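Q: One letter stands for each residue in the lines below.
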Amino acid sequence: SVPIYSKYTRYTELRRVDDNDIYKLATILDVNSCWRKLMSIIPKRLDAQACSAPGALKYQEIAAKVGLKYTAQQISLIDGTAERLTPGQSISQVMIDEWKTSGKLNERPTVGVLLQLLVQAEIYSAADFVALHFLNEPKPDRPTDGPAAHISLDLCSEDL
Amino acid sequence: TRSGREDNSMPIRLLPETVRQQLCEHLDSLDVWQQLAAFVKLYPNDVQHIRIQSTRGRSPSMEFLNIWGGQYNHSVYSLFALFHKMKLHNAMRIIKDHVDDKFHKYIPRSMP
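Residue numbers (our numbering), protein chains in the order written: chain V, 28 to 187; chain B, 75 to 186.
Because the hints were derived from the structure by calculation, they are not lab data. Quick caveat, the model's predicted, so the values are computed rather than measured. Be aware that one or more of the hints could be misleading.
The calculated lysine-lysine pairs, modelled on DSSO-like cross-linking and capped at a C-alpha distance of 30 angstroms, are [said to hold, decoys possible]:
no.	chain 1	residue 1	chain 2	residue 2
1	V	K85	V	K127
2	V	K166	B	K115
3	V	K34	V	K127
4	B	K176	B	K115
5	B	K179	B	K159
6	V	K96	V	K71
7	V	K71	V	K131
8	B	K159	V	K166
9	B	K170	B	K159
10	V	K34	V	K64
11	V	K51	B	K115
12	B	K115	V	K64
13	V	K34	V	K131
14	B	K161	B	K115
15	V	K166	B	K176
16	B	K161	B	K179
17	B	K179	V	K96
18	B	K115	B	K179
19	V	K51	V	K166
20	V	K85	B	K170
21	V	K85	V	K71
22	B	K115	V	K85
23	V	K92	V	K71
Put together the whole structure using the sequences plus the hints.
A: Okay, here's the thing in structure tokens:
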């Protein structure tokens, strides 16, 4: 079905996304330290606008060419803020706040870039949320193998 | 796949706490978390995370559900199918009220 209404587009910069929506996303990324998995794969000097459309972010190509934005040390700096968080603040929110205001104008991360990186990192909890609630798009396709793959009951099972 | 059409169950992370606890106690008593992790091909760092948490006295099955259900956003239907493939029939029974009735035929009758 054709999306009737979406709150944001793939080109919306993350710093333009409502705080409340970032907060909901952050609570999902707090589970199992998924924020760290996301932060550790963000490419350096990404032309975010050019990479926002579906399939436009050719991850392997880009990451191999330009390298990664955040070092292990920068990631552990975010970790170190955990003790200083005020109630209602999440560590993922600190990470997103750092990322969304970083870089030059065309490097500011967008919803489209976020979604593609979430799929790349196989954080489907957050990817499904962004697709459905930010973009009014269907959930992203799953790989056929690995922990993210769907498991279904075998319909020609001998147990039937 | 057919699962997309057939699956209208809740995400694993929304399982009621009592069911989740009963399920984890059962799975922990069978000590099957490593087989579950291997079956769904969890990555080594996640397997290691579960192992570390279990040495700290946390339920490894709960940690497994946190990762496979939490990060990967799998549904109770997928969990039911996973238990079916691993022949964990009592685990299927524990969560059966949270999948569609038409799937209950996959649970074998309990042996005397």
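Q: Given the hinted pair K51 (chain V) and K115 (chain B), is their alpha-carbon gap at most 30 angstroms?
A: holds, 28 angstroms
Q: Run the distance test for K170 (chain B) versus K159 (chain B): straight-line Cα separation, threshold 30 angstroms.
A: Answer holds: K170 (chain B) to K159 (chain B) is near 15 angstroms, not above 30 angstroms.
Q: Check the hint pairing K85 (chain V) with K127 (chain V) against an upper bound of 30 angstroms on the C-alpha distance.
A: OK: K85 (chain V) and K127 (chain V) at ~20 angstroms, within 30 angstroms.
Q: Please work out if K71 (chain V) and K131 (chain V) have their alpha carbons no farther apart than 30 angstroms.
A: Holds, at about 11 angstroms.
Q: Could you grab the alpha-carbon distance between K85 (chain V) and K170 (chain B) and see if it respects the 30 angstroms cut-off?
A: Violated. K85 (chain V) to K170 (chain B) sits at ~42 angstroms, over the 30 angstroms cutoff.
Q: For a C-alpha distance cap of 30 angstroms, please report whether K161 (chain B) and K179 (chain B) respect it.
A: Status holds; Cα separation ~14 angstroms.
Q: Given the hint that K34 (chain V) pairs with K131 (chain V), test it: the Cα-Cα distance must not exceed 30 angstroms.
A: holds, 25 angstroms
Q: With the threshold set at 30 angstroms, check whether the alpha-carbon distance from K115 (chain B) to K64 (chain V) stays at or below it.
A: holds, 17 angstroms
Q: If you draw a straight line from the CA of K166 (chain V) to the CA of K176 (chain B), is it 30 angstroms or shorter?
A: holds, 25 angstroms
Q: Hint check: K34 (chain V) vs K127 (chain V), CA-CA at most 30 angstroms. Holds or violated?
A: holds, 18 angstroms
Q: Are the Cα positions of K179 (chain B) and K159 (chain B) separated by 30 angstroms at most?
A: Holds: K179 (chain B) and K159 (chain B) sit about 14 angstroms apart, inside 30 angstroms.
Q: Going straight from one Cα to the other, do K92 (chain V) and K71 (chain V) come out at no more than 30 angstroms?
A: holds, 9 angstroms
The structure does not agree with the numbered hints 17, 20 stated previously, though it agrees with the rest.
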